[in-house]
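Participant: Sequence:
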Amino acid sequence: MSTSAKDAFLSSYEREHATTMKVLRAFPPDRIDLRPHPRLKTAKELAWMFAMERMLGTAVLNDALMRLMQGATPPPPQEWEDVLAKVEQTHRDFGDLVRALPDEKLRGTVKFFTGPGTIGDVPCIDFCWFLLFDEIHHRGQFSVYLRLADGKVPSIYGPSGDEPWR
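Under our numbering, the residues of the sequence shown are numbered 75 to 240, in order.
No wet-lab data here; the hints were simulated from the structure.
Certain hints may be false.
As the list claims (entries may be wrong) - In silico DSSO-like links for lysine-lysine, alpha-carbon gap of 27 Å or less: (1) K115 <-> K96; (2) K80 <-> K96; (3) K160 <-> K96; (4) K115 <-> K179; (5) K96 <-> K226; (6) K185 <-> K80.
Model, not experiment: these values are computed from the prediction.
With the hints as constraints, model all of the structure from the sequences given.
Facilitator: Structural data, given as structure tokens:
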């Protein structure tokens, strides 16, 4: 049985998001202002990236990248639970949009960055995978923040020091 490109993406999208939320929920809420280095984001700002990227994805799939770029970036909510709720909401919104996309749109292109200061045509399915891979990348960053905050790092792709598989 063959899986469509959309189904393959959505399966990975849901699975990886569940893992991301496990990592975010493990973070101690009283440490959201942790900034491991002056040039790095705070833990809350880094977590907010998960919501911002899904908002970006929704804008790109709706051909609204330029409109999004003209607006101000919304700041993260003050409360940690509100950040997590927005991450969940934007995840659902983007997933629902992809589920509703006609196959021909998914096989088409979207306007997105193709280099510094350059916007061009990018295959739509590749853009979706880019967003998912970037989530995985930022989740890796966040797991380091979690360790630095003395939180317990859950299993991501295998056992962790805090969640062994014995």
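Participant: Give a verdict on every hint.
Facilitator: So, going through the hints one by one against the coordinates:
no. : hint          : in the structure
1   : K115 <-> K96  : holds (20 Å)
2   : K80 <-> K96   : holds (24 Å)
3   : K160 <-> K96  : holds (15 Å)
4   : K115 <-> K179 : violated (35 Å)
5   : K96 <-> K226  : holds (11 Å)
6   : K185 <-> K80  : holds (19 Å)
Figure legend: structure checked against the earlier numbered hints; the only hint not met is number 4.
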